[in-house]
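Residue numbers (the UniProt record's numbering), protein chains in the order written: chain A, 1 to 304; chain B, 1 to 351; chain C, 1 to 234.
Treat the hints with care, since some could be wrong.
Stated by the list, open to error - In silico contact screen, one side only, chain A against chain C (beta carbon under 8 Å); selected entries:
no. : residue
1   : 47
2   : 95
3   : 106
Stated by the list, open to error - From the structure, some residues in chain B lie toward chain A, with a derived Cβ separation under 7 Å:
no. : residue
4   : 194
5   : 198
6   : 263
7   : 288
8   : 291
9   : 292
To be verified - Here are the computed lysine-lysine pairs in the BS3-like style, where the Cα-Cα straight-line distance is at most 25 Å:
no. : chain 1 : residue 1 : chain 2 : residue 2
10  : B       : 202       : B       : 106
11  : C       : 105       : C       : 219
12  : B       : 190       : B       : 220
13  : C       : 189       : C       : 158
14  : B       : 233       : B       : 190
15  : A       : 289       : B       : 202
16  : A       : 271       : A       : 281
17  : B       : 220       : B       : 230
18  : B       : 69        : B       : 24
19  : C       : 232       : C       : 213
20  : A       : 81        : B       : 69
21  : B       : 220       : B       : 233
22  : C       : 186       : A       : 81
23  : C       : 158       : C       : 186
24  : A       : 81        : C       : 232
25  : A       : 81        : C       : 103
26  : B       : 220       : B       : 189
27  : B       : 190       : A       : 81
28  : B       : 190       : B       : 230
29  : B       : 271       : A       : 288
30  : C       : 232       : C       : 189
Don't read these hints as lab results, they were simulated from the structure. C-beta atoms are modelled at their ideal positions from N, C-alpha and C, and glycine is treated no differently.
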Amino acid sequence: MAPETIEPTAPPLRAPSPTPTYRPLHALPPPFTSSNLEVLTQGAEALVYRSVFLTPHTPCVVKYRPPKPYRHPVLDRRLTKARLLAEARVLVRCKRDGVDVPRVLGADWEAGWLVLEWVEGRTVRGVLDGWAERGASVEEGVVGLMGRVGRAVGRLHGIGVVHGDLTTSNLMVRQGERKEEGVQGEQSKGRMTTSEMRMLAEDGETPSFPSVEAKRQEQRDELEGDIVLIDFGLASHSTQNLQDEDRAVDLYVLERAFAATHPKAEPLFQKVLSAYGESFKGARAVLKKLEDVRLRGRKRSMLG
Amino acid sequence: MIALGLEGSANKIGIGIISHTPTKPPVILANLRHTYNSPPGEGFLPKDTALHHRAWVVRLIKQAIRQAKITISDLDCICYTKGPGMGAPLQSVALAARTCALLWNKPLVGVNHCVGHIEMGRSITGAENPVVLYVSGGNTQVIAYSANRYRIFGETLDIAIGNCIDRFARTLMIPNDPFPGYNVEQLAKKGKNFIELPYAVKGMDASFSGILAAADVLAKGLDESLPDEKRLKTEEGELVTKEDLCFSLQETIYAMLVEITERAMAHVGSKQVLVVGGVGSNERLQQMMGMMARDRGGSVFATDERFCIDNGIMIAHAGLLEFQTGVTTELKDSTCTQRFRTDEVYVGWRE
Amino acid sequence: MAPSSPPQDTTSTPPRPQETATSQPPSQSPPAHIHTLTLPHYPTHPIHLALFRSVTNAPTLRSQLLSSNPLFDYAFLDATVLLSPTHLLLAAQLALHAHLTGKGKTRTPHSELVFRLHPNNNIGEAYRKFGMGDESREVLVVKFGGLGEAVAAEWVGKHLGEVVEGESVRMGEDMEEVAMFADVAKVRKIYKLGEGGAKGKGKKGTDVNGDGKARDELKGMESVILGMMALKGS
Chain A
1 MAPETIEPTA PPLRAPSPTP TYRPLHALPP PFTSSNLEVL TQGAEALVYR
51 SVFLTPHTPC VVKYRPPKPY RHPVLDRRLT KARLLAEARV LVRCKRDGVD
101 VPRVLGADWE AGWLVLEWVE GRTVRGVLDG WAERGASVEE GVVGLMGRVG
151 RAVGRLHGIG VVHGDLTTSN LMVRQGERKE EGVQGEQSKG RMTTSEMRML
201 AEDGETPSFP SVEAKRQEQR DELEGDIVLI DFGLASHSTQ NLQDEDRAVD
251 LYVLERAFAA THPKAEPLFQ KVLSAYGESF KGARAVLKKL EDVRLRGRKR
301 SMLG
Chain B
1 MIALGLEGSA NKIGIGIISH TPTKPPVILA NLRHTYNSPP GEGFLPKDTA
51 LHHRAWVVRL IKQAIRQAKI TISDLDCICY TKGPGMGAPL QSVALAARTC
101 ALLWNKPLVG VNHCVGHIEM GRSITGAENP VVLYVSGGNT QVIAYSANRY
151 RIFGETLDIA IGNCIDRFAR TLMIPNDPFP GYNVEQLAKK GKNFIELPYA
201 VKGMDASFSG ILAAADVLAK GLDESLPDEK RLKTEEGELV TKEDLCFSLQ
251 ETIYAMLVEI TERAMAHVGS KQVLVVGGVG SNERLQQMMG MMARDRGGSV
301 FATDERFCID NGIMIAHAGL LEFQTGVTTE LKDSTCTQRF RTDEVYVGWR
351 E
Chain C
1 MAPSSPPQDT TSTPPRPQET ATSQPPSQSP PAHIHTLTLP HYPTHPIHLA
51 LFRSVTNAPT LRSQLLSSNP LFDYAFLDAT VLLSPTHLLL AAQLALHAHL
101 TGKGKTRTPH SELVFRLHPN NNIGEAYRKF GMGDESREVL VVKFGGLGEA
151 VAAEWVGKHL GEVVEGESVR MGEDMEEVAM FADVAKVRKI YKLGEGGAKG
201 KGKKGTDVNG DGKARDELKG MESVILGMMA LKGS
């Protein structure tokens, strides 16, 4: 009587032990093989190291895309080369058209490394975290920051480049002089950065802590500084047929990054969008498209 | 506490009975399922699928109760899939749930299908706070838990991964029994030539529709009645086979899934990944995911087909978790919905 | 650049300059100033630089290069097309990396250096644009060390002092002298950069003082050139 395809009762639940894990160290290809480099991040795509390039006192970022063992080697080589070159070419294109991005200093697309200029500063994510910790007040500094973020993204889109992974971690606030719109920011020279203090502390020395006023100034400065767009690993460029759709998805990803990591920063995103809307011809159309993308993204038909 | 779960959002009807005892792992008392298969080259239609579910639901519930060795009075609640899914099959099962609830005077709990998969996966594997890859015929999502919601970090920009595989299989006239993905997987094991297919990842999102368009073109080149020079060949001049295409499809789309999962892991700083949903039973996907997780110093958790594939137990389990926080679904609200996002559910049972 | 670190190959026996060359300078001419550096990640490959102005015997030197005289295993560059020390250093880095990884497009690291400066893959054109020409008066000579036979900076200085008829320019630590003869317009033309190097689209440039703007522009132009060089052949 029992239907034959009915499966038997399952045994009681028990947790199988997950596969044992280890973390292999990636051997860097030449010329970085013997260098003792400091790993900054292990992104999904690339290992990012800090090193020096051309002179012993020129810091740089080495972005290494190790082979992905899970990927078919043909696919892996194709993706590594295509992405490394796409990233580098877009960066050069940005430089050419006056968008603030890191310089490309060297590349070996067979070996999978790219050397980029070191940008001194903090990510917008880090800056916003600090701002949120201090109470997230909607002050001039943070509103100004949002405006600069919007204009930076607008300028990028204006030259036909779509970032492809526009999170708050991929926007940096460059430390030091601010050039945009001729506003001279405070030079942060002479003040210690937190990393310098940490290094001192690790050396067993007592860092001289800045005064409260200096600290406040530093927090204000943190909100100042030019916006530098980084990590163009998924970027694309096209002069023709650049779909507003792609630009809108950039904004949507950024909006989601704001929402996901900074609940207090979400309302501020309006400031980003309004600055973006003024930034280039066609920006309005992208904002219109963003409404569609939001709807589709949030309410996409999902069948079980 | 004991719950009965009814699932029927797609072509499977599943009935499960689960028992929760405080401080002990849940015990599965019954887990039954029956699948509606359409002929090769065809998908399952909502109307026929609903008919199938209606024909099986009573038989399965009776057998589950018998197998669990419980009486109706032991049941604390009836849980059913509220959505997302196909309208007609969802309705047929919701109707059965309502009927049981009224007949036996039990409270109802409407469950989000995706949350069911996630909770079942967590419970079975013991993964505490993983990034979840939910991959099935209708869904492709990368999810991470944050502040009482399962937040969607990445998802498909067009069709679901399972849908892509099913339609790819249909193009190549691969049978639907036991399910297309299984047959594609078996063929892929025999494939050896990698044929380039569109690879489309945008941040943590992915797009699969381009692959179908490419598959249509490639499949034409497999036709044995074509003159030799028109048939699809590799760079080395070898004839491309159906197996090669299945292999290339798997290598491409699973690499995309692993990549967006890895991006989400890097983004939220997690080292664990849990794969749920029907496509999660694919061994190659599990293997690839394992290699990625290992490279990040983490681990992958996957369930076998009893739990990966839609089942009633996961609905009973997630429903009972919700029921224990005091949530029930009133009869007037016991509707179902084709669209029901994972992040709409308030996850009151987690910290 | 780390003046203390470059290995001095003092044990090597310097080969004697050829006696037969027609216009050898008198052997008592003072040695040229040599600036020796090593690039990060290439500690065993010192690079020797010598900068000259008012060079009068470029044609003679070129004939030695063209006849592949083994004593003239140098890169003789036209110093008017070197935009900055970074410009030169990147070319040196790319040349050395290509040479050491077997990916070089030319025979020696010296010819590779000339090639790597050029925006496209035409080697002859690279020599015409970046190599010393018959009319060149400002010349930068580059010698790669650490490749096979040991080369002492001392010997390089002595040899170049003898063969180059011109005024040796002493270089400082920051090597700014590399760019002292730069003809920016000429460089811009070679790399086919429109006015302004980086086009500076969207930059209002309202206030910044003139100097700063020119400097920013030059930096932008340099950025683009470095990128083009790094991506050549891709």
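Hint-by-hint comparison with the structure:
Because the closest C-beta pair between residue 47 of chain A and chain C is about 16 Å apart, greater than 8 Å, the hint is violated. Against a cut-off of 8 Å between C-beta atoms, the interface hint on residue 95 of chain A holds, since the closest Cβ of chain C lies about 4 Å away. Given the 8 Å rule on beta carbons, the hint for residue 106 of chain A holds: about 5 Å separates it from the nearest Cβ of chain C. Because the smallest distance between the Cβ of residue 194 of chain B and any Cβ of chain A comes to about 5 Å, under 7 Å, the interface hint for this residue holds.
Of the supplied interface hints, the one on residue 198 of chain B is violated, with its beta-carbon coming no nearer than about 12 Å to a beta-carbon of chain A, more than 7 Å. Below 7 Å, beta-carbon pairs count as interface contacts, and residue 263 of chain B has one with chain A at about 4 Å; its hint therefore holds. Taking 7 Å as the C-beta contact cut-off toward chain A, the hint placing residue 288 of chain B at the interface holds, the least distance being around 4 Å. Annotation: interface hint on residue 291 of chain B holds; nearest CB of chain A at approximately 4 Å, less than 7 Å.
Interface hint at residue 292 of chain B: satisfied, since its Cβ lies 5 Å from the closest Cβ of chain A, which is below the 7 Å cut-off. Restraint check for residue 202 of chain B and residue 106 of chain B: the C-alpha separation of about 46 Å exceeds 25 Å, so the hint is violated. For the given pair, residue 105 of chain C sits about 29 Å from residue 219 of chain C by alpha-carbon distance, which is inconsistent with the 25 Å threshold. Distance hint between residue 190 of chain B and residue 220 of chain B is fulfilled; the C-alpha atoms sit about 20 Å from each other, no more than 25 Å.
Taking the CA atoms of residue 189 of chain C and residue 158 of chain C, the gap is near 36 Å; set against the 25 Å cutoff, the hint is violated. Between residue 233 of chain B and residue 190 of chain B the CA atoms are separated by roughly 17 Å; this keeps the pair inside 25 Å, and the hint holds. For a cut-off of 25 Å, the pair hint linking residue 289 of chain A to residue 202 of chain B stands: about 17 Å separates their Cα positions. Under the criterion of a C-alpha separation no larger than 25 Å, the hint pairing residue 271 of chain A with residue 281 of chain A is consistent with the structure, at around 18 Å.
Proposed proximity of residue 220 of chain B and residue 230 of chain B is supported: the alpha carbons are some 10 Å apart, at most 25 Å. Taken as a hint, the residue 69 of chain B and residue 24 of chain B pair is honoured in the structure, with Cα atoms around 20 Å apart against an allowance of 25 Å. A threshold of 25 Å between alpha carbons decides the hint, and for residue 232 of chain C with residue 213 of chain C the separation of about 29 Å lies outside it, so the pair is violated. With a C-alpha separation of about 61 Å, the suggested pair residue 81 of chain A and residue 69 of chain B falls outside the 25 Å cut-off, and the hint is violated.
Simply put, residue 220 of chain B and residue 233 of chain B have alpha-carbon atoms about 12 Å apart, close enough for the 25 Å limit, and the pair holds. A threshold of 25 Å between alpha carbons decides the hint, and for residue 186 of chain C with residue 81 of chain A the separation of about 33 Å lies outside it, so the pair is violated. Pair hint residue 158 of chain C plus residue 186 of chain C does not hold up; C-alpha atoms about 32 Å apart against a cutoff of 25 Å. Taking the CA atoms of residue 81 of chain A and residue 232 of chain C, the gap is about 14 Å. The hint holds against a cut of 25 Å.
Annotation: proposed proximity of residue 81 of chain A to residue 103 of chain C holds, straight-line Cα distance about 16 Å (limit 25 Å). Between residue 220 of chain B and residue 189 of chain B the CA atoms are separated by roughly 22 Å; this keeps the pair inside 25 Å, and the hint holds. Proximity of residue 190 of chain B to residue 81 of chain A is assessed by CA-CA distance (about 28 Å); at most 25 Å being required, the pair is judged violated. At roughly 23 Å between alpha-carbon atoms, residue 190 of chain B and residue 230 of chain B fall within 25 Å of each other, so this suggested pair holds.
Simply put, residue 271 of chain B and residue 288 of chain A have alpha-carbon atoms about 38 Å apart, too far for the 25 Å limit, and the pair is violated. A threshold of 25 Å between alpha carbons decides the hint, and for residue 232 of chain C with residue 189 of chain C the separation of about 17 Å falls inside it, so the pair holds.
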